[in-house]
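Asks: Spelled out from the first residue to the last, the chains are:
Number of protein chains: 2
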Amino acid sequence: MKAIKVNIKNVLGSISEADINNLDAVSVDAIEKLHKGSGLGNDFLGWLDLPSRTPTQEIDDIVTTANNLRANCEVVVAIGIGGSYLGAKAVIEALSDTFAAYRGSTPQVLFAGQNIGEDYLYELMDYLKGKKFGIVVISKSGTTTEPAIAFRLLKEQLEAQVGKAEAAKRIVAITDAKRGALRQLATEEGYKTFVIDDNVGGRFSVLSPVGLLPIAVAGYDIKALMQGALDMEKATATHSVDNIAEIYAKTRNALYRAGKKIEILVNYNPKLHFFAEWWKQLYGESEGKDHKGIFPASVDNSTDLHSMGQWIQDGERTIFETVISVEEQQHEVVIPSDEANLDGLNYIAGKRVDEVNKMAELGTRIAHVDGGVPNMRITIPALKEEYLGQLIYFFEKACGISGYILDVNPFNQPGVEDYKRNMFALLAKPGYEKETEAIKAKITE
Amino acid sequence: MKAIKVNIKNVLGSISEADINNLDAVSVDAIEKLHKGSGLGNDFLGWLDLPSRTPTQEIDDIVTTANNLRANCEVVVAIGIGGSYLGAKAVIEALSDTFAAYRGSTPQVLFAGQNIGEDYLYELMDYLKGKKFGIVVISKSGTTTEPAIAFRLLKEQLEAQVGKAEAAKRIVAITDAKRGALRQLATEEGYKTFVIDDNVGGRFSVLSPVGLLPIAVAGYDIKALMQGALDMEKATATHSVDNIAEIYAKTRNALYRAGKKIEILVNYNPKLHFFAEWWKQLYGESEGKDHKGIFPASVDNSTDLHSMGQWIQDGERTIFETVISVEEQQHEVVIPSDEANLDGLNYIAGKRVDEVNKMAELGTRIAHVDGGVPNMRITIPALKEEYLGQLIYFFEKACGISGYILDVNPFNQPGVEDYKRNMFALLAKPGYEKETEAIKAKITE
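Residue numbers (my numbering), protein chains in the order written: chain A, 6 to 450; chain B, 6 to 450.
Please note: incorrect hints may appear among the correct ones.
Chain copies aren't distinguished; within one or between two, either way the pair holds.
List of simulated lysine-lysine pairs, DSS-like, C-alpha gap at most 27 Å [to be verified]:
#1 K136 / K169
#2 K363 / K169
#3 K363 / K447
#4 K363 / K439
#5 K445 / K356
#6 K425 / K14
#7 K14 / K447
#8 K363 / K10
#9 K38 / K197
#10 K228 / K38
#11 K434 / K356
#12 K137 / K425
#13 K137 / K439
#14 K10 / K445
#15 K197 / K239
#16 K425 / K363
#17 K14 / K439
#18 K363 / K434
#19 K239 / K228
Quick caveat, the hints were computed from the structure, so don't treat them as lab data.
Just chain A, with the same shape it has in the complex (with noise of 0.2 Å):
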């Protein structure tokens, strides 16, 4: 098959081999935790044979789904945040028309719940009235308070646009098996649902029906998704020195231990914005703890080489990159020739647009490399679905051995509910009384 590589010769410069060897031993202890589920946060490992154990049948059923959202809909909102945002916005731009959504093409697949913008959902509102319209909502609780406000607008709105009836057939709701707010609401609705397993944490649910339905809602290959993924699912299994997710989380923590303590996602187009996104929030949530844990970061270029590129090439030498280059792209576009020639741009006229941004690529490299920024280089030879889906579990699987060879838990996020019991403390939520009376004493402005 043709697959994604990793290359870290251009680290050298920075560690030395034995660094990342050293942390062998740590590594096979990694994917031994990971595969006996003996390590830390062992009750959300169950991302890791998402791809071999997801029935054939769910995921036909995720496509007949999406299918009639796609014929009933000009507009499908998924309602969802954090990890039941980013996978399935990071799949469907790295796959769409930079130019979609000014073309009209249907169904348009929007996104709420993950912020909690006034404006934001007062456009979107307006925009979605008199337009037929469906909802996917994800949320394992129903109770997480972004999601669950533009819920609750969105349903009223659609409920009034077209009747109860015909609303509870254009809601899917992406819910716990059993227990919570929104299970118990499908179930008295009627909502057409899918689980989120108790197993599966939200930053490592795209290949679940979290990211997997509004994916196909957008008409993507869900299939060719899985079959990536599971070729890495495969590929990674068993400690290798050859097993690439082994490889880059090696080599990250060894340029970590060395001083490098940012890490900047690089890509040289622009379909992979969210991608990274989605890349932040799985390692920045999984490692970021205990006062340690590299700092995710992302450049979009060239675009940022006119803006963070001077930054990365003189200022402190505490970063390293991991570039994702795509090898082939979808179009051609041949740079003329022109007899003014006053751009002076004939030198490359006859040359495709890409092989121009492969150099920009390649002459970044080698400025970094000699300015002291380690770099990693991830290939992809396409931005199809196959790909992303070896992309995304190489991704994961790297995350879950990177974790633990920081000796952290990879798989919890407490530092997430810091913010939330405090806006509960500070919005009176019953329960939260206590808190409430402390929070009011702090605030002295």
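Model the placement of chain B on the given structure of chain A, informed by the hints.
Replies: Just chain B now, with coordinates in the frame of chain A:
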């Protein structure tokens, strides 16, 4: 006047007032260097008095030109990279309806030349087929690779679609007053032009025609934008303990000296996403040099509380936050009551969505300060032109001061040349023969 405000109270757990006040002398010195032109990079200080020195006739000319494009085009493509892209993009996104692209409102302002994405250009050119479109091309030299490629392609397409004479009426060039390829072409073809002053660098150019024309084409009030900037020019002109540009510059440098290496610009309104991108260029490119400088990052909350939130709360304690808080929203959405209340939201029924958002913000601030993340807050009365003008000038002025406090040249970007030189060598650009030979010897794969 209503004005933006800066609150630094919540950094005082990490650094003391004395730490900040110790920078008074260098801050006074920095302001003097800016206003006397006695510091490094003093040939690029033209941005300092852009609001006060830009003639009314120039603004009127920009508005007239914009209205002409608006009347004659369904789509206007702004071609530029770095500062010739981010400023306009930031202001337009901050002021636009989130779903404007889906609504088909015209003229649509699209961007090109800010990347070398082959698919991006293909899809743009495909979208423009048969459309009435115009071009604003922004480049001091006219030979910067990214915008030059985009302009060569789109100019050819426009001329093919409407003929050379009509195309010339729909192309506006913003370029050097006398020199360069684009100036020469504009003269030959008879394009309408505006001037980029020699002493205004890219990342400080949003309040010049570079930013103002695309913003006006998008339909926004550039006079109000400039008025806000002028108010801030006056408010930050001289040293004072109340000068908010100095307060921000001193505080972030005091934090940096105390080991806070990463500044995260935080918003709670997704419309500010690209404002953060503009800010990252401004600060990253101005300060990231000589192996020093704060690493600028950004998050969109509450979205990213479910992503980077964990790292920020519990990762390495080497970060601080600067929150941009928008006081008034444009629209009102009230959370409805629900009889069943399965989602448990009735305790906030009747509240505006923004009240909840503000409590998420406050709750997060308290959690982060408790967790060891110093927090500055900039409040902006609303996302309106005049306040954005204030905010832009504020950040520019503070950046000049901050760069001098850091003891770098805030107005050059030597590191940006490195990748370009390599790229030209790899592409065998005439004049780079020696570099081509040298770089070929370096490539071992």
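Asks: Each of the hints needs a verdict: does it hold here or not?
Replies: Going through the hints against the structure:
| no. | hint | in the structure |
| --- | --- | --- |
| 1 | K136 / K169 | within (16 Å within a copy, 41 Å between copies) |
| 2 | K363 / K169 | neither (53 Å within a copy, 33 Å between copies) |
| 3 | K363 / K447 | between (54 Å within a copy, 16 Å between copies) |
| 4 | K363 / K439 | between (58 Å within a copy, 21 Å between copies) |
| 5 | K445 / K356 | between (64 Å within a copy, 19 Å between copies) |
| 6 | K425 / K14 | between (43 Å within a copy, 23 Å between copies) |
| 7 | K14 / K447 | between (52 Å within a copy, 13 Å between copies) |
| 8 | K363 / K10 | within (16 Å within a copy, 44 Å between copies) |
| 9 | K38 / K197 | neither (36 Å within a copy, 67 Å between copies) |
| 10 | K228 / K38 | neither (29 Å within a copy, 62 Å between copies) |
| 11 | K434 / K356 | between (62 Å within a copy, 13 Å between copies) |
| 12 | K137 / K425 | neither (34 Å within a copy, 49 Å between copies) |
| 13 | K137 / K439 | neither (45 Å within a copy, 62 Å between copies) |
| 14 | K10 / K445 | between (53 Å within a copy, 23 Å between copies) |
| 15 | K197 / K239 | neither (32 Å within a copy, 60 Å between copies) |
| 16 | K425 / K363 | between (44 Å within a copy, 12 Å between copies) |
| 17 | K14 / K439 | between (55 Å within a copy, 26 Å between copies) |
| 18 | K363 / K434 | between (54 Å within a copy, 15 Å between copies) |
| 19 | K239 / K228 | within (16 Å within a copy, 61 Å between copies) |
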